[in-house]
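Chemist: Here's the letter readout for the chains.
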Amino acid sequence: GQNIDQPTEMTATEGAIVQINCTYQTSGFNGLFWYQQHAGEAPTFLSYNVLDGLEEKGRFSSFLSRSKGYSYLLLKELQMKDSASYLCAVGARGTPLVFGKGTRLSVIA
Amino acid sequence: DTEVTQTPKHLVMGMTNKKSLKCEQHMGHRAMYWYKQKAKKPPELMFVYSYEKLSINESVPSRFSPECPNSSLLNLHLHALQPEDSALYLCASSQDGVVVYQETQYFGPGTRLLVL
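One line per chain: the protein sequences are A and B, in this order.
Under our numbering, think of the first position of the first sequence as 123, with each following residue one higher.
Under our numbering, think of the first position of the second sequence as 6, with each following residue one higher.
For the record, the hints were derived by calculation from the structure and aren't laboratory data.
Since no wrong hints were added, every one of them can be taken at face value.
Derived lysine-lysine pairs resembling DSS-like cross-links, with alpha carbons at most 30 angstroms apart:
1) Lys190(A) - Lys46(B)
2) Lys23(B) - Lys58(B)
3) Lys45(B) - Lys223(A)
4) Lys203(A) - Lys14(B)
5) Lys203(A) - Lys45(B)
6) Lys46(B) - Lys24(B)
7) Lys45(B) - Lys179(A)
8) Lys14(B) - Lys58(B)
Please take these sequences and the hints and turn them into a complete structure.
Modeler: If you want it as structure tokens, here you go:
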């Protein structure tokens, strides 16, 4: 099976930088996804990492270390609209994508 | 068109009713998914269709019955549901459908279902 762990809640200030961590344990690792989900809406794709390192996409970056079973999502220049849940999801060979419980981020003025 | 659409947006049904949820995508994706999501929980996979064939059924009760009439459409037929089935039902699609586990999934807005 798979075990995915991420903090339940985080709070950060508008304009700041926040890092949301995700640790996982799985066999046959095949990639890690980050999704953003606003309350009552569908998850939207943010990033996909399958190799170690940092992937940057505008204000959002995602990092992966396969040997440590660790990823983080970095959000820069936070905006109020970034208040949402951030879901880490792990793909593994032979099993469907498994989502973590999500981190609810609140951005305050 | 990069959208997955779902209808209806909201649905209230009694435990003896029969209803259907619909999902449509026109991105040429060959894999489609149904998820169930309870409040403040992550999405839980229910079914996966790959090339219009059911490839994964995550031990879902038979009161949920999926159907894939063609590569663009996915239905979820509901019958004799229980109040605990009340949730947000999300449809998603991904491109290839062959190795679904490492494909980016694109989600529809969901149907919020309330069973009374």
